[in-house]
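Number of protein chains: 2
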Amino acid sequence: MMETSRRERLRAAVSLEIKQVAHQQITAQGISALTLRSIAKQMGFTPQAIYRYFENRDALISELIIDAYNDFAQSIQKASAEVPADAYGERLLSMLLAYRQWAIAHPVDFALIFGAAIPEQHVVQRITQEASLQVPALLGSVLFAAWRQGFLQPLPEYQPIPAEIEALLEDSRIALQSAMDLSDLPVELLHTMFLIWSRLHGLIMLEIGERFQIIKEPEALYRFEVLSILKAMGVSITKR
Amino acid sequence: MMETSRRERLRAAVSLEIKQVAHQQITAQGISALTLRSIAKQMGFTPQAIYRYFENRDALISELIIDAYNDFAQSIQKASAEVPADAYGERLLSMLLAYRQWAIAHPVDFALIFGAAIPEQHVVQRITQEASLQVPALLGSVLFAAWRQGFLQPLPEYQPIPAEIEALLEDSRIALQSAMDLSDLPVELLHTMFLIWSRLHGLIMLEIGERFQIIKEPEALYRFEVLSILKAMGVSITKR
Chain A
1 MMETSRRERL
11 RAAVSLEIKQ
21 VAHQQITAQG
31 ISALTLRSIA
41 KQMGFTPQAI
51 YRYFENRDAL
61 ISELIIDAYN
71 DFAQSIQKAS
81 AEVPADAYGE
91 RLLSMLLAYR
101 QWAIAHPVDF
111 ALIFGAAIPE
121 QHVVQRITQE
131 ASLQVPALLG
141 SVLFAAWRQG
151 FLQPLPEYQP
161 IPAEIEALLE
171 DSRIALQSAM
181 DLSDLPVELL
191 HTMFLIWSRL
201 HGLIMLEIGE
211 RFQIIKEPEA
221 LYRFEVLSIL
231 KAMGVSITKR
Chain B
1 MMETSRRERL
11 RAAVSLEIKQ
21 VAHQQITAQG
31 ISALTLRSIA
41 KQMGFTPQAI
51 YRYFENRDAL
61 ISELIIDAYN
71 DFAQSIQKAS
81 AEVPADAYGE
91 RLLSMLLAYR
101 QWAIAHPVDF
111 ALIFGAAIPE
121 QHVVQRITQE
131 ASLQVPALLG
141 SVLFAAWRQG
151 FLQPLPEYQP
161 IPAEIEALLE
171 DSRIALQSAM
181 DLSDLPVELL
191 HTMFLIWSRL
201 HGLIMLEIGE
211 RFQIIKEPEA
221 LYRFEVLSIL
231 KAMGVSITKR
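The listed protein sequences derive, respectively, from chains A and B. According to this note's numbering, the first sequence is numbered sequentially starting from 1. According to this note's numbering, the second sequence is numbered sequentially starting from 1.
Since the hints were made in silico from the structure, they are not lab data. Incorrect hints may appear among the rest.
You can't tell identical chains apart in this list, so a pair holds if it fits in one copy or across any two.
To be verified - As a list, the in silico DSBU-like pairs of lysine-lysine whose alpha-carbon atoms are at most 35 angstroms apart: (1) LYS216 / LYS78; (2) LYS19 / LYS231; (3) LYS78 / LYS41; (4) LYS78 / LYS19; (5) LYS231 / LYS78; (6) LYS216 / LYS231; (7) LYS19 / LYS41; (8) LYS41 / LYS216; (9) LYS41 / LYS231.
Just so you know, these numbers come straight off a predicted model, no measurement behind them.
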């Protein structure tokens, strides 16, 4: 029993080290250059030895992505917990600012999550899907609770939503049902959720890609966008 | 004279082939794996021979990025030319839809332009900067002309713009002055320009990264966003 436990701990420690080496190599050379062989070489392992820990490259990359999602979700959770549960505006502000902060502080993990450059994208996405829904569920839960309590409305400038877009959103409602209860939400609020995501994603991707060279403080621009979105939804924020 | 000309043509043909091979390798393995040596190998050249065409890896990547910008700008220019010059709404719609279409049709080139994963980012950006301003200048010229003619207004939901953001935008006005005349534009319109860019960029990056799996027709979502932005700016569009 003791023996098994020690072996388990050793196994976990080696798995962690493999992931750390993989992370270093991705940071230095991008994800496409990563192979189990290159990790084995750096660790002084035989290539075969690595396969005792990870079945293949996809399995390793999937675990790195799941770790990234977990860390991302923890930072959003932490930002949420720092604000009283019923101060919806401040809570959303805190969470959405934490969203950018995590992305900027973890560019490699953010690229692992949002990059397009994984050859076996579909295999990996199937494995990592559950982890991927944590952050949307955290943000959604606050957004939807605030709407249910009458603290906010969907973004008015997009209304009425065309029938075609409504149909797309109804499909997404079903797809997201495993992670959060959306059954009572108006389709306009689902649309607002997507727009918040894509607007903030655009700002973050331009900042990470250093495309805002002409904007000296992208954080201020991001913050203004978050505050403007909250204002447009009718959310009042006392503490800015 | 004839001899020089033939040599020039040969040189241009080999340069083009090197760029095509580089493009293939980036498509297959990502940009970080690209080396002049790997290109030489595939072409049956000695590594030294490649250096007669490109001084170093940065020079080659810079040329690939400039080619991508030129192709991108041509497609936007073409979309602009398809619509009468004074039909501002339709023209902006045509150009902004072409923006996404080019991105989706050229994911590798779009990643070359907007990716963050180039080690010598700053060197490359200095070389490619002039080319990078073509698309903003094309879109800006139509947006600003429409504003000057009274056909549109800055996005009202962001007003008033805080002093801090205004200062950032005034800095960017100076930085962009080489590509387009912004001297008479209200700072709110500069802000609107950035927001249009970041909103559409967010949608495109989520689509390219296959993050819209739950949205079956991202093109429709993009089109709705473009139409909503135009509507919010007070632009009327007859032909949708």
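Against the structure, the hints come out as follows:
| no. | hint | result |
| --- | --- | --- |
| 1 | LYS216 / LYS78 | both (28 angstroms within a copy, 33 angstroms between copies) |
| 2 | LYS19 / LYS231 | neither (42 angstroms within a copy, 49 angstroms between copies) |
| 3 | LYS78 / LYS41 | neither (38 angstroms within a copy, 51 angstroms between copies) |
| 4 | LYS78 / LYS19 | within (24 angstroms within a copy, 47 angstroms between copies) |
| 5 | LYS231 / LYS78 | within (24 angstroms within a copy, 38 angstroms between copies) |
| 6 | LYS216 / LYS231 | both (24 angstroms within a copy, 30 angstroms between copies) |
| 7 | LYS19 / LYS41 | both (14 angstroms within a copy, 32 angstroms between copies) |
| 8 | LYS41 / LYS216 | neither (42 angstroms within a copy, 42 angstroms between copies) |
| 9 | LYS41 / LYS231 | neither (54 angstroms within a copy, 58 angstroms between copies) |
Taken one by one, the earlier hints fail for this structure at numbers 2, 3, 8, 9, listed in ascending order.
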